[in-house]
Structures are given as C-alpha cells and as structure tokens.
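Please work from the sequences and hints to get the whole structure.
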Amino acid sequence: ILRRADTVVVPGQAMVDTLVDEKGVPRERALMIPNWGRPEIGISQKSVALRRELGVEEGELILLYAGNIGILQQLDPILDAAGGLKEKGVKFIFLGDGARREELTQRAEREGMSNVSFLGFQPEERFKAILTSADACLVTLQPGMDRLSAPSRAYTFLSAGQPLVAMMPRDSELAELVTETKTGWNVLDGAELADLAMTLKKNIPEIEKRGVNARALYQERFTKDSVSREYIKLL
364 ILRRADTVVV PGQAMVDTLV DEKGVPRERA LMIPNWGRPE IGISQKSVAL RRELGVEEGE
424 LILLYAGNIG ILQQLDPILD AAGGLKEKGV KFIFLGDGAR REELTQRAER EGMSNVSFLG
484 FQPEERFKAI LTSADACLVT LQPGMDRLSA PSRAYTFLSA GQPLVAMMPR DSELAELVTE
544 TKTGWNVLDG AELADLAMTL KKNIPEIEKR GVNARALYQE RFTKDSVSRE YIKLL
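Residue numbers for the sequence shown follow this note's numbering, so the first one is 364 and each next one is one higher.
In short, the hints are calculated from the structure, not lab data. Model, not experiment: these values are computed from the prediction. Heads up, a few of these hints could be off.
What the hints assert, rightly or not - If you anchor each label on the Cβ, the simulated ranges turn out as follows:
#, residue 1, residue 2, range
1, 415, 569, 23 to 29 Å
2, 385, 594, 23 to 29 Å
3, 364, 412, 51 to 57 Å
4, 558, 589, 33 to 39 Å
5, 390, 469, 23 to 29 Å
6, 452, 410, 14 to 20 Å
We treat Cβ as the ideally placed atom computed from N, Cα and C, and that holds for glycine.
The following block contains the structure:
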C-alpha cells in the first residue's frame, strides 16, 4: 500500500527516512506535514492560586510532563532528576496515563519524591490552566524513536508559549528545532535535566524569553490553519 500510494504523509522528517529506507517508498512520494496543537492554546498569565493548590510555593519551578506515560518515552531520567532535586524548589508534574504510570508512581513514592505529582488525565480547561501555569514542558523520546513517532504534544506546548525541554538525542528532529530556534533546551539524561532545572530556577527571564519564541514559532509554522493549507495544497 505504501509503495503504491500517490503520496504518503507523515508528521516528522525522520519518519520520511523510515518510509524511504525501510518501506520502499520513493522519496518524491514521501511528504512531511507537521501536526498542529490539539488543543491550540494561547498565552495567559500563570495562576498563582492554581500553583499554590498544586503545592508550589513562590519562587519554585514547575516542570510539566503531559502525554503518554509509556514505553516510547524516556521517563526514568525525569525521576532521576527529581530525586536529586528534593527540597530544591523544583516540582515535577505528570499529566496523563499509560503502561508505565503505576510503576513510576510507585518508584516516586518509594523514594520519597514529594516534589513529584502524578495527576492523571484532566478536563480540558483544567489541563490548559495547569499547562499555562507551568514554567517549562518536558518532551521525551527514546533514542531513534523519532523515526517511528512524533511527539505531537510539543505543538500544544508551543501554542501556549511554553518553552520545551527536549530529552532526546541531540540530532533528533525536535532537539534540533528547539536548539536552533531558542524555544527551549535539549538534555540527554537526568543529570543534565537537574542541572538545567537549577539554572532556570535562577533565570526566570530566560524562561520567559524562550516562551515568547515558542509562541512565535508556533504562529509561524504550526497553527491548524497553516498546516491545513499544506494539506489543501497537496490535495
């Protein structure tokens, strides 16, 4: 089916290479069109009341992971970082569910990570409120998985003007994007994430600057309207 199709559309450039190298699709018939944010969220002020409700005190940092808590993502290094940042004013919040949620929740409880919360799926409006009240958002993929999967939640984060922390190899598509556009940071493991968190805690203006860049990048390249026009052009 892939080889006979007039065009095969995938949401990442590395996935184009997979089609060509492993599935026999001629390169001229493989096309990358990115996803857009679902939902698309605008910039809004952080809710001090919501941050307090989540157990975050003034001057503390929230790093948010929202998405599938499964096997394609690097999630243990996030807990590695959290374990080294207890009592350091850095909170990690997980939204979502998946095959590894229970295992990771048990590890956080076993190791006394009071700075880690697993909140499960949230109603859309509360999800938006938590997202916009965070300081930065984590996006992770196992090495090589960008050839098979696109971290679509990243576009929602960008739409909200949230800088990204991409935990993945430096040559992966999203890591290169956030580095080149200064819309976030790239880390390889828990140690680098912990170091970055402590640096960001002392440099809120840099977080805000990269958040502005994130929103601008989204508006330029990833809105539903602009991506839809690419499909219309293709059809």
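Hints versus structure:
The hinted window of 23 to 29 Å between residue 415 and residue 569 holds, with their beta carbons roughly 24 Å apart. Residue 385 and residue 594 have their C-beta atoms about 25 Å apart, which keeps the hinted 23 to 29 Å range intact. Taken as a hint, the range 51 to 57 Å holds for the pair residue 364 and residue 412, whose Cβ atoms sit roughly 52 Å apart. A hinted range of 33 to 39 Å holds for the C-beta pair residue 558 and residue 589, which are about 36 Å apart.
A beta carbon spacing of about 46 Å between residue 390 and residue 469 contradicts the range 23 to 29 Å that was offered as a hint. Checked against the hint of 14 to 20 Å, the C-beta distance between residue 452 and residue 410 comes to roughly 18 Å, which is consistent with it.
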